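Q: Can you make the complete structure from the sequences, with help from the hints?
As you go down the protein sequences, you meet chains A and B in turn.
Here the first sequence stands for residues 10 to 294, numbered as in the working numbering.
Here the second sequence stands for residues 579 to 1377, numbered as in the working numbering.
Treat the hints loosely; a few may be bogus.
[To be verified] DSSO-like mimics (lysine-lysine), calculated; alpha carbons at most 30 Å apart, straight line: (1) B:K610 - A:K50; (2) B:K599 - B:K616; (3) A:K50 - B:K644; (4) A:K50 - B:K616.
For the record, the hints were derived by calculation from the structure and aren't laboratory data.
Since the model is a prediction, treat every value here as computed from it, not as a measurement.
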Amino acid sequence: MYPRPFEYVAPKTLDEALAVLDQTEDAKVLSGGMSLLGLMKLRLLSPGTLVDIGRIPGLDQIEDRGDHIAIGAGVTHGTTAVHPLTTEHATALAQAASWTGDVQVRNRGTTCGSLAHADTAADQPAGAIACGATMVARSSGGEREIPSADFFVDTLTSALAPNEILVEVRIPKGGGGSAYDKLGRRGGHSDYAVAGAAAWVRRDNGTIGDARIGLTGVGTAPSLAAGSTEAIIGTDGSPEAIAAAAARAVEGVTVLEDLYGSEDYKRHLATVYVARALEQALARA
Amino acid sequence: MTTTMGPTTTTSALGGVVRRKEDPALIQGYGKFTDDIKRTGEVSVAFTRSPFAHARINSIDTDAAKAMRGVHAVYTIEDVRHLGLLLAQVPVGALRPLLADGMVNHVGEAVAMVVADNRYLAQDAADAVIVDYDPLEAVIDLKDALSDRMKVHDSLDSNLLISWVGPFGAEPEAQQQVKADIDAAKERDDTVTVSQEMVNQRLIPVAIEPRAVVADYNKGYGALTVFSSSQIPHALAGALGKTLGLLSNQVRVVAPEVGGGFGCKLNVYNDEVLVSWASMQLGRPVRWTETRREAANSTIQGRGWIGTATVVGTRDGEIIGYQLEGIADMGAYTQNFTVAIPFLGLFVGSGQYKMPTYWKVDCVTTHTNTTDAYRGAGRPEAAYYLERIIDMFAREIGMDPAEVRRKNYIPNDQFPGAVSPVGFAMDTGDYATNLDALLAAADYTGLLAERDRARAEGRYLGVGLATYVEVCGFAPAGLAELGFSWSEYGLPSSFSGSGLVRVNPDGTATVQIGTGPSGQGHETTWAQIVSDRLAIPVEHVKVRHGDTGDSPMGVGTFGSRSAAVDGTATYEASDRVRQKAAKMAAHLLEASEDDVVFANGGAHVAGSPDSSVTWAEIANIAYMPHKLPEGMEGGLEASVVFNPSNATWPFGSHIAVVEVDPETGNVDLLRYITMDDCGNLINPMIVAGQVHGGIAQGVGQALFEEALYDEAGNLLTGTLIDYPIPTAADLPSFELGHTTTPTDVNPMGVKGVGEAGTIGSAQTIVNAVVDALAPLGVRHIDMPLRPRKVWQAIQEARS
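A: The structure is reproduced here in C-alpha cells:
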C-alpha cells in the first residue's frame, strides 16, 4: 500500500492543469482519488505525475443549462445522489451514485472521476449511458463532446486522450423516467456491482417513443444494451415487451466471467436487471 | 427480550450497564495504536515476498537494493539463520524460517527484509531485490495433500501432520468401536442416514488495525522495548528473549491500543522477531506496519476444512450416532497453535447432544499461508458440520428441527459435570430451557406460519435454527501438557489468570492485568469487578494492561478467556485487599473487623452508616504505617493467580430469517434472533457488543467471505476489493436474549462470550437459506452463499 515515487502538482486553473498534461509524460488526473490511489498503492499503476484538479474553483457545481444539466468534474457521488437536478433529470445516475461505495467514498469520490475510470463494475457509467449523457473532454486545444455510449472503450479504458480532462457531463432534459438496479457483491445494492442495468424511457402517446439501457458488470466495459434498447422502443412497455427486450440484453456484448459470476450467470443477471430497470423506469415515465 | 434463569449475583457494579471507559479517547481520536508511536531516529522495514506458492530459490541479489538512497540494510536468511526457526507453541509440522531458506512454500512468504529511512523507500528497495526462482508444482487441494501424492516439505514424512480423533482420550480400539457401532446402525431397517460433504472455507481475519511493530533496542541499558499490535504481549516478550538471547526482563513488550485481533494477533510473527533483531543490529528504532495485502497473505488465516458429516437416527428423531470425517488445512508452516485449532473443534464435536460420536479431522500441510486461531477457532467449524447435518436429518424425517434437537440434548440431570460423547467434562448446562426461550422470543411458530404464507405467494422465505455449545476460558492449567501454555516461548506459564489490585493513597484503585485486549472493554469490565468488591466508584478504578514492564505475568486475550479467568483473579485480589483494608478500617472506626462493611466509596460499621471512613482515609494509614497498630502490614495491594478447575461451556440457540431472490440468488438477512447463555453478565452492553460482532463475522463467513486460492496457490481474494466483509449496513438489527446458567468454576459465575456469536451463526444462516429453497429441492450449498452459488444451486435443483 505504498505507491512508487511520483510528482504532484495542484494547479489553480483548468488551463494550468491542461498545460501540465501537455508538458508531462505519464501524467494522471487526480480528482477524488478513490480508484486511482488504490491502484497506485497496490503498485498496479504508477503515473509519473498526478495533476490534482481538486483545488480548481468552480468545478463542483451541477448547473441547469436550460435543455440539459451539467455535472462538473468536482461533483462528488454524494452530491450527484441527492441534488434536485440529478434526481429529477438523471434519476438513474443519481440512484447509481447513491449506491457507489460507502458514505466516506461518496463524500470524496467524484462522478466524473468514476466515469473516466471506466470500471465495468462501477455503477454510474450505466446510469450515464441510460440518461444519454454527453462527456465534455477538454484539452489545451479545445473541447470535444463524446456520447456516453462511445466513451467506455475497454477494461478501465475511456475515450479520453492522455492530455484531456473530463470537465463535465451533460445530461439532456429528455423527460420520461429512468432507474438503476443492481446486484452488489455483498448482496442487495451493497458494494461493486456483480451486474446491473440502468434504463431511461419516454412514453409518446402510449408507446415507448425513446429509450436507452446501460449495462454494468457484464462486459469488459460499461456498455449500451443496444438490442434491448431497440426492442423496447415502439412497444407499449407491457411485461411481455419488457421480457422480450430483456432477452436481448447482452446482444453484441462480450460477457466475461469473474470471481462473482460465470458467463451464464452474468448473462442471466443482465436480463434480470434490464427487466427490473425497465419496470422501474416505466413507473416513473 | 431477556430471559433470566437461575440464581444471579448482580449488584450495582456487576451486571450493570456501564458505558465503556475506553470509548471517549477512542472516538475522539486520542487512542494511541502502535503505528501512532513515533521514536526518534526510527527507520522502516519492507519485505520482499514470494510471488510463488512453491519454488526453489536459486539466488537472491540484494546489490541493487542496498545501493539505493536511504537504504540501511537488506537481510536474507544468511543473516538470520543462526536465530533458528520461528517458535511455535505446538511445534507439530514444519516451523517457519524467519526468512525463506532455499525454498518458498506459500505466496507472500518473506524472502528478504529491507530497512530504509522510510516505508516508501523501503518498499522501492524491496521491489529491487532480485530473486531467481524455479517455480514448482504446488499442493493446494486438501484431498490431494492428504494423498501424499506430492509432499509439501521434503523434511516431513507425510503431509498429514496429526489426526484428532474422538471420543478423545479413548483407546484407538474403543474409538473404532464407536465408529463401527454407528456404521452398524446405518444398516438397520428402522434407521435413516443422512450424509453430506461440506466445505468450511478459509477466512482472512481482517482486523481493522493491521498488525504493526516498533522495536527500540537500547544498547546502554541492554533493554529491548517492543510495541506491537498483539493479543499476547507476554508470550511475545518470552519468544523475543529466547530467540534473541535476552533475559525475559530485558524485554518489554507493550501492546498499546489494539484495533481488533480475532485471533490473528494471537501469534508470534517472524516480522516481530526480525524487526527487533534489526533494531539490535542497527542500534536504532525500527518499524514495520503491514499492508492489507500482507495482512491477507502473511498474517494467519482461519478455518479451511472439508469434511463429511453423517447422522444416523430413527424416524421419530432419536439420533443414534454422528460421524465427522474431515481434513483441515494447516497451510505451509506451523505457527503458534496451528495444529491445535481443530483440536478445539473436537472439544465441542458432539455439541449439546448425547448421541455416540465418532469425530476425526486430519490436519494436512499445503502450499498456502498458515492457518491458526480465528474467532471461534475450530469450534465454529465443528458446530457448522454438526448443526447442518442435524438440520438435514430433521428435514429427511420430516420432523421440526427444534424438536429433533431437544430430543437429543444431554439432559439437565447430568449437570454439572456432564461428560460429552467426545470425552470432555462440562461445567453447567440447561439446553432445553435455552432453546424454549429462543422459540418463545422469536415466536417460532409464528415465523413458520409467515414462511408458509410467503411460500404460498411464491416467495422464498426461510427460517434457520441452530444451537451450539462452546468451550472457552481454557483451563485447567494442566492443559499445558497438551501444548496450551507459553513454555515453548521460554516462559513456562500455563493458562491461568492474573490480576494485581492496588488501592492508591488517594483512595482510587489501579488494576494491572495480564490480558491483551483488542476492543473487549477490559478497562470497563475490570473496573466493575473491583468496584463490586471494594465499593470504589467505577470511575476511580484505572485498569492497566498490555505492558509486560508493569503487568503481572499474563496469558493474553483470546479464546473468550479473559473475564472468566483473569477477571476472577482480579475479583479475588480485590477481596484480599478488602480483607486487609477491613482490619485498617476496624482500627480507625474502633470496631470489630467482622462488623466492617464496604459501601459508597468507603467502609462503615454494620448498622451504623454514619460511623464511616473513606477509602482515602484508610489508604492514609496504609501508606503511613506508623499510624497502623503494631504488627499490621502497610500497603493496600494484592496479586492473585487463578487456576480454574475447568474451562467454561457457554451455549445458546440462534434463529435467522432470510428471503432468497430466486431470480438472482441474492440472500436478504431479514432477522437474526439469539438466546445465548454465558452465565452471569458483568456488563450486558459489552456482552451485546461481543455478540453483535460475533454474529457479523458469522454472517461474513456464511454470505461473503472466502480466502480463495487457485490451483497454483495464488490468493485470488487478497485485497478488500475481492474479499468483502459485512458492514453495519448489510446487517439487520439483532434481537438478543439471554438465559442465565452460571458456571461453577469461578465465583462470579461468568462464562466467555467473545466467540459465541461466531460459533452459532454461520450454520444458522445456511440452515435458513436451505429452508427457503427446500421447496425447490435444494439440500445444501457450500459457503459463502454468494448469489452466484445460490442461483447455481437453484438451477441444479430445478433441472
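Q: Run every hint past the structure and note whether it holds.
A: Going down the list of hints, with the structure as the test:
1. Using a Cα cut-off of 30 Å, the hinted pair B:K610 and A:K50 holds, with the two alpha carbons roughly 25 Å apart.
2. Between the alpha carbons of B:K599 and B:K616 the distance comes to roughly 25 Å, so the proposed pair stays at or under 30 Å and holds.
3. Under the criterion of a C-alpha separation no larger than 30 Å, the hint pairing A:K50 with B:K644 is consistent with the structure, at around 23 Å.
4. Restraint check for A:K50 and B:K616: satisfied, since their Cα atoms lie roughly 23 Å apart, inside the 30 Å limit.
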